[in-house]
Structures are given as C-alpha cells and as structure tokens.
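With the hints as constraints, model all of the structure from the sequences given.
Protein chains in written order, with the working numbering: chain A, 127 to 449; chain B, 127 to 449.
Hints should not be assumed to be uniformly reliable.
Chain copies aren't distinguished; within one or between two, either way the pair holds.
[Stated by the list, open to error] Here are the simulated lysine-lysine pairs, BS3-like style, with alpha carbons at most 30 Å apart:
| # | residue 1 | residue 2 |
| --- | --- | --- |
| 1 | 426 | 242 |
| 2 | 440 | 388 |
| 3 | 268 | 219 |
| 4 | 420 | 242 |
| 5 | 219 | 426 |
| 6 | 420 | 219 |
Treat the hints as calculated values from the structure; they're not laboratory data. Remember, it's a predicted structure, so these values are computed and weren't measured experimentally.
Number of protein chains: 2
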Amino acid sequence: MSTINLPTFVDVSAAAERIKGYANRTPVIISRTVNEELDAEVFFKCESFQRMGAFKFRGAFNALSKFDDRKRRAGVVAFSSGNHAQAIALSAKLLGMPATIVMPHDAPASKVAATKGYGGNVVIYDRYKEDRELIGRDLAEKHGLTLIPPYDHPDVIAGQGTAAKELFEEVGALDALFVPLGGGGLLSGSALSTRALSPGCKLYGVEPEAGNDGQQSFRSGAIVHIDTPETIADGAQTQHLGSYTFPVIRRDVDDVLTATDKQLVECMAFAASRMKLVIEPTGCLGFAAARQMKPQLHGKRVGILLSGGNVDIKRFCSLLAAL
Amino acid sequence: MSTINLPTFVDVSAAAERIKGYANRTPVIISRTVNEELDAEVFFKCESFQRMGAFKFRGAFNALSKFDDRKRRAGVVAFSSGNHAQAIALSAKLLGMPATIVMPHDAPASKVAATKGYGGNVVIYDRYKEDRELIGRDLAEKHGLTLIPPYDHPDVIAGQGTAAKELFEEVGALDALFVPLGGGGLLSGSALSTRALSPGCKLYGVEPEAGNDGQQSFRSGAIVHIDTPETIADGAQTQHLGSYTFPVIRRDVDDVLTATDKQLVECMAFAASRMKLVIEPTGCLGFAAARQMKPQLHGKRVGILLSGGNVDIKRFCSLLAAL
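Here is the structure:
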C-alpha cells in the first residue's frame, strides 16, 4: 500500500497568501426570499464573481505560482472541460509562462474563446472517444511541460479551499455547507477549511444525478469509475474522484447528494430572476440540494457555494425556456 | 416666485441612518474586462442587489419612516411604473402600514407580482390614456392616504442619495460618475452625495434617447414635458423632471447624456455574459453612456451606478435574442 501526503489546512492558508491580490475575494450575498423559502439563514458565496468567472482560478494560480524557474520556462499543460482551462491559461499569463490546454470538442464556446483570449494554446479532443488524461500526459512528456490536472493535485485542492475559508471568515461558523462536486477539488479543499474553521458544520458534496460516481464512492469506500455522464452540469462530467480528493472527502464530508438537471435549471431561473445572478448549471448543484433538504435546515445557518457563472447566454436562455 | 427647500447632504446622511439594517449595503463590483475595454478603473455600484432589486427601496423607506402615527395608520399611496411600487409596498409592510399602488397596465408582470407579494393593494391604469398623478391624488384625498411620488419628494431624493454615498465611502473620490435618469430622484440624490464627498467628480445623468426631456431641461434651464417615450428602459419613461429634482440637477450635474435601446441591450448582454449580473434595461443607462465616452475616460477612476435588476427573465432573453 502506497501512502500519499494529503493537503491540510496549513496548505490552504499558504494558498490564501499566494493568491492574495490576484484572486478576487468574492462577495457573500444574502437573499431574504431564500431565507423565507428555506426558513434558514443562508449565505451564498458567489464564485461567479471570481476571476474568469469560477473558483478554478484559485487552485490553478496556487499550483502555478509554486513552479520553479525551469518549470516556468517550459510551461504548463492542462486538460479541462472548461473552467480549469481558463484558470490555467489566465494564471500562466499572469505568471508569464506558456500554457497548452486540452479541451473537449463540445466545451461551451464561451469557455474555448475565453481560454484562447487568455493566450492559451488550445488542443481539441473528442470527449466520448479519446482519453484526455493520455493526451495531456503525452504532451507533457514530449515537450517537458508540467501537467496540472483539474482537481487531483494537492496544490489545486489547497487553492480551491480558500473559497470556503473566506466564507467562514466572513460569516462565522455554519450548521451546513453545500458544495458542487465534480472531481472533488472544490469539495476536498472546502473540507479542509470546514474542519479547521467550523468543525461542527455538516458538509455536503452535490453531484449531477446522471453521474453519481462520487456518491457511490463515498458510500462504498472505494473510488467508482463511470462513463462520462450526460448532464447540463458540464463542470461536473467527471468519471471518478481522484487519489487525493477521495480520501479527504471520505474522511471529512458528511454526505454526497445529487440534483437533477431540471432542479439545476430551476435554481438558475431563481438565481437570475430573484437574486439577479447568472450562475452556470454546475454552479447551482449546492443550491439545488439545499432546496431539497428544506425540512432539515429549519432555523439553521447555511452556506451555499455558487461555484461559477460561465454559461453562454444563448444556452442560458434556451435552458430556461424549457422550464 | 415660490421657493422650495431643496434637500441637502445632511438629509442624505440622516436617511443613511434611517435605512441602516433595512436596506442592503450593496456590493461594489470590479470587472478587469471593463477596465481594459475603457482603459480606466471602473467601479460598479450594484443596486440590483438592493432589497426588491433596485435602489428605489432607499428613498421609499426613508420617506415612509418619517410618517407620524396618524399618517402611518391611514397608509400610503404611490403611482409607479414598477420599482417604486415594490419599494413602497415593501417599506409599508416593514413599517406596518397599508399601501395602495397605482400601476400602469403594461408594467412588467414580475413587478406587479412582486408588489402584490409585498402586500400592496394594486390599482391598474392605462399608461397612454390616463394620468397616474391625478388617480393617485384622488385616492389620497378620498381615503386620507399620504401620497409618496416616485421621485419628486425631498425624502425620496435624500434616500436615493445614500447609494452614491456608500460608493464614495467605499472607493474614495472619483473622476466621473454615471447615473441613470428618469424623473431625477436617483440623480439629484447622487448629486448631493457627489458634491459633498467627491466635489471634483464629473457627474452625468443618462436618459433613454427616445425620452431626453431631462437633457432638454438641463440644457435649456426650464423643465421640458414630453409624451411618454417608447423605450425598453421602463424605469425611465418619465415625462418630465420634478420641482425638487430639476433645480438640484441643474445646479450640481455636469451633463445629461442619452443611450439608445440597442446600446442598453448590448450592455445587458455584456453584464450577463462577462460580469454574471442580471441588470434591467434602465439599470444599464449609466454603463451605456460610459462606454460611449471611452476617449474621455482614459486613465480615470469611474463610477457606474447599476440601478436595478428587475426584468422578467423571458423579456431579458427575448431582448438579448434580438442582438
């Protein structure tokens, strides 16, 4: 049995120092309508207002800022369904290093355009036929690039944990926190901050119902692999948790829940019409689960992490039109 | 010649104390994309996150909280194309008094529903055939209600001025500030705060091009009346400035600019896709004018007041689809 060094809250705190002045300290927004609906005190941490529109900038910038000179000169390679791509491209630009991004053929146009806009060299692959991890590793070996995976890396996890850290610092301890779950970078990072800053808080990861590998893994105790799930939550179409994210999630998270695509669209519509926020489908996972758990949240202090807002406006409107 | 007592910054400060704990202190949001586009440092004061989704709550709550016991018992009446209606209804509910709201037949459905949701008694009139001021005055006389007009009232103006006050307190002095202009409540209130807290700041009011009565009045020196303009900026379909708002605007504002409906929709699309903000057409007036003035804003510190986010999502999507 091999052992790996899991990141800790000390790493999250160090990441917070590294990203200071580069990442936005995103606002926490309150909706009296939501408070009335859930009969709870709800705090929305709005990572839609993070740089490049999602929390992913935190982990990417933290990982890249730890590169030594040799690695910086050769540059970074990343594979991503979207937000991680932009995060790596932007972080590389800010740190003055080249970036190659491997993106799926069906990634949202806004995300491909933004990645190129940040100066990233984009390589397209077929999400349903090719293996992005192999392509990424191949590019890394051929050109001496350093591969930064979208979630399964201690520096990425530590960076993502800074969002929940900011939330607890701003609003104090919570009774429950709901966090979107794809590969588990945000959830495991949030777990480190939660156990350090609000140890009694119930922590829930939330996946698309069509791809509940995380729930299966959490409940069975071993990483479950699934086919790429078909869901509108494009940021959570991961096939399995990682060797760093799974043990942290298994140890520190209270449960993994799911939300249907329809529930996500209902939350997007609510966020837009009542809270004036544009949230991408994946970003609504935590909100959707909290609404389902209403009976258990009565009178509680609840955090909801809205993880990003990167959705084409045309897609946004066509999703909402189907309601 | 009769003289009227114009409100001053002392009244704005008193209003800030009255609304504390009731109104939201709305966030100031920065977009690096906008900063690059305008080559300026731009601060967006997001009144879309104000209670009921627009700045109007500030003025309404300030005015109603000054009622004596007799007035409270009889209640308030207001006429409004939308946001003032909700603001009065919600303020009345919070202060425990009855509210009657006179609304146009073509007011956005979301605004009518929200007004009723806050417990307001809604009376509908035809915007193009009937005179809402006469209807409001008639109801006031018959039932002993106190009429609070949507903009031409010193307590309303003082309340609206608290948004710009918060902006200057948070970001310091500015070189230019852009504020939507309908009847002038927000602009004249902003003028009081600007002259007190950032006296050298250029202050611009911005109207829909289809209804530039404010520009004509400002430049001619006398209040100009126009027919109800047909514009998507439903919060700025006013026919004339008021006896309180005009003299303050004439004295303290640097110029009145205009924006076309197309420019407003372009700003709505930009705010949604790049800033993740849902802003109503009227709310984009200041932003649209700032984008037109790019050459003059080079290197400056610029404030833009996004006045509200109350737009039906279906209407929002159909406006954006026409781009």
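Results of checking the hints against the structure:
no., hint, result
1, 426 / 242, "between (43 Å within a copy, 29 Å between copies)"
2, 440 / 388, "both (18 Å within a copy, 18 Å between copies)"
3, 268 / 219, "within (22 Å within a copy, 68 Å between copies)"
4, 420 / 242, "between (42 Å within a copy, 25 Å between copies)"
5, 219 / 426, "between (42 Å within a copy, 25 Å between copies)"
6, 420 / 219, "between (43 Å within a copy, 26 Å between copies)"
Checked against the numbered hints above, the structure violates none of them.
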